[in-house]
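Asks: Could you put together the complete structure from these sequences and hints?
2 protein chains.
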Amino acid sequence: MSKILITSGPTREYLDPVRYLTNGSSGRMGAALAEAVLQQGMLPVIVSGPTAVAYPPDADVHWIETTEQMLERSLQLFTDCVGVIGAAAPCDFRPTAFSSQKITKPNDGGISFQFTNTPDILAALGKIKRSDQWSVAFALETGSGEAKALEKMRRKHCDFVVLNAPESIGRDEASFQIFDAMGERRIVFVGSKRVLAEKLLRLVCSP
Amino acid sequence: MSKILITSGPTREYLDPVRYLTNGSSGRMGAALAEAVLQQGMLPVIVSGPTAVAYPPDADVHWIETTEQMLERSLQLFTDCVGVIGAAAPCDFRPTAFSSQKITKPNDGGISFQFTNTPDILAALGKIKRSDQWSVAFALETGSGEAKALEKMRRKHCDFVVLNAPESIGRDEASFQIFDAMGERRIVFVGSKRVLAEKLLRLVCSP
Numbered sequence: 001m002s003k004i005l006i007t008s009g010p011t012r013e014y015l016d017p018v019r020y021l022t023n024g025s026s027g028r029m030g031a032a033l034a035e036a037v038l039q040q041g042m043l044p045v046i047v048s049g050p051t052a053v054a055y056p057p058d059a060d061v062h063w064i065e066t067t068e069q070m071l072e073r074s075l076q077l078f079t080d081c082v083g084v085i086g087a088a089a090p091c092d093f094r095p096t097a098f099s100s101q102k103i104t105k106p107n108d109g110g111i112s113f114q115f116t117n118t119p120d121i122l123a124a125l126g127k128i129k130r131s132d133q134w135s136v137a138f139a140l141e142t143g144s145g146e147a148k149a150l151e152k153m154r155r156k157h158c159d160f161v162v163l164n165a166p167e168s169i170g171r172d173e174a175s176f177q178i179f180d181a182m183g184e185r186r187i188v189f190v191g192s193k194r195v196l197a198e199k200l201l202r203l204v205c206s207p
Numbered sequence: 001m002s003k004i005l006i007t008s009g010p011t012r013e014y015l016d017p018v019r020y021l022t023n024g025s026s027g028r029m030g031a032a033l034a035e036a037v038l039q040q041g042m043l044p045v046i047v048s049g050p051t052a053v054a055y056p057p058d059a060d061v062h063w064i065e066t067t068e069q070m071l072e073r074s075l076q077l078f079t080d081c082v083g084v085i086g087a088a089a090p091c092d093f094r095p096t097a098f099s100s101q102k103i104t105k106p107n108d109g110g111i112s113f114q115f116t117n118t119p120d121i122l123a124a125l126g127k128i129k130r131s132d133q134w135s136v137a138f139a140l141e142t143g144s145g146e147a148k149a150l151e152k153m154r155r156k157h158c159d160f161v162v163l164n165a166p167e168s169i170g171r172d173e174a175s176f177q178i179f180d181a182m183g184e185r186r187i188v189f190v191g192s193k194r195v196l197a198e199k200l201l202r203l204v205c206s207p
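Residue numbers (this note's numbering), protein chains in the order written: chain A, 1 to 207; chain B, 1 to 207.
None of these hints come from the bench; they were simulated from the model.
Predicted, not measured: the structure shown is a model, and the values here were computed from it.
Accuracy of the hints is not assured; some may be wrong.
Distance windows between CB atoms, simulated [said to hold, decoys possible]:
hint, chain 1, residue 1, chain 2, residue 2, range
1, A, Phe98, B, Phe98, 23 to 29 Å
2, B, Trp63, A, Phe98, 27 to 33 Å
3, B, Arg154, A, Phe98, 38 to 44 Å
4, A, Ser144, B, Asp132, 37 to 43 Å
5, A, Cys205, B, Glu68, 46 to 52 Å
6, A, Asp60, B, Arg202, 55 to 61 Å
7, A, Pro50, B, Glu173, 17 to 23 Å
Glycine is no exception: its CB is placed at the ideal position from the N, C-alpha and C atoms.
Replies: Next up, the structure:
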C-alpha cells in the first residue's frame, strides 16, 4: 500500500519547563488530508505536534513536540513514502537557551530572549527526495503572499505549494490557491479543508 | 445562589498574527473545581483561556485569550462572587511589540524579542477584595517552592495557596500542598485534581 507522509499541527519550543512558543495550528488540515489519502486506498503516515484533533483511526500517527523532533521522525519515515505534504505549522524560532528552572518574573518588568531558527523540515526532505517522490508545501502568509509562497516552494524543492491566510488557522473553512513548480496557479478554492484535501491529492497523484 | 470565580487554563501572548507564547495548562484543575462548586450547590463562574477541556454545562464560562483580557473580565465578575480561585496559568510575559505582519524568518538565524510583565490578576483582585470575600492562589514552582508559594500568597493578599509542580501540567494526577495565610501547611495530598478540588472547597468554605 502506498504511503503518504503528512506533517501536521503546531510544534512547541520551550523557554523553560512551563513556557513555550507555539501557534494555533489545529491539525485539522492534516486530519482532512489523512482522510482523503485513506479514501484513495493509500496509507497516511502522520507526524504530528500536540493537538486535540481526531486523526482517522487507520492512520499511522507519530506524536512529537518540537520542530527538531518533527524533522528527525520525518527523515526516518520519508524514505518509504511516495510523497510528503507539509501541512504542519512548525515554530520557525526556538529559544537559544533553555532554562531547566522556571524563569522568575523580573521585578523591573522587562526581559529579553534570544531566538534562533529551527531546522526547515521540507527543505531537509527536499534534499533527500528521489525523482519518484514529490513534496507539497503550505504557505501561510499575511498580505497577498504569492511571491513569498513561490519562493518558499523553490527554496524547499517542492512540486506544489498551497497558499492560505492566517485566518484559516484553527478554522474549518478557508480560501486556498495551489501553484505548481512552474509557478502556474492550478487551483483557486474557497471551502472546507476536507474538499481542499481531495482536490490537492487528485492534483498531486495524477500522472 | 453563591458564585465562585475560577480562572482557568493558559493565556496566549502574541508576537504576530500566528505565533504566541503560552504554556501547557489544560484547564482540568478549573474543570474539577467547577464540578466541586456545583456539587456544593454553588455556581462556578469561569474565566478561561483557550483549552479543549470540557467544563460542566451548568458553569458560567467566559472565554478569553490574553492575560489582559482575563484580568478585565475577572475584575468585572469578582464583585458578585464570594471568592476567587486562581487556577489559571496566565503567561507572565508578553511581547513588548506586536507585529501585525507575520515576522519573517531571519536569514542569519538569530532574532531577539523583548518581553514585559503581564498584569497580575490575583494581585489586582486582592486589592479590591472585600472582607467578606476570599481568594486562593495556585503556585507552580520547580524545586521545593514552599518559600516562593508563601511569598506569592502574601504579595497577592490571598487566604490560601496551593503549591504543585510543573509535572502536574496537563495531567490528571498530581501532588499538592495547601498553606493558609499564616503559612501553616493545612493539606498534603497526592491524587486526582477532582479530589483536590473537593478538599480545597471544604477548607475554603468552612467557617
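Asks: Okay, which hints does this one fail, numbers in order?
Replies: 3, 4, 6
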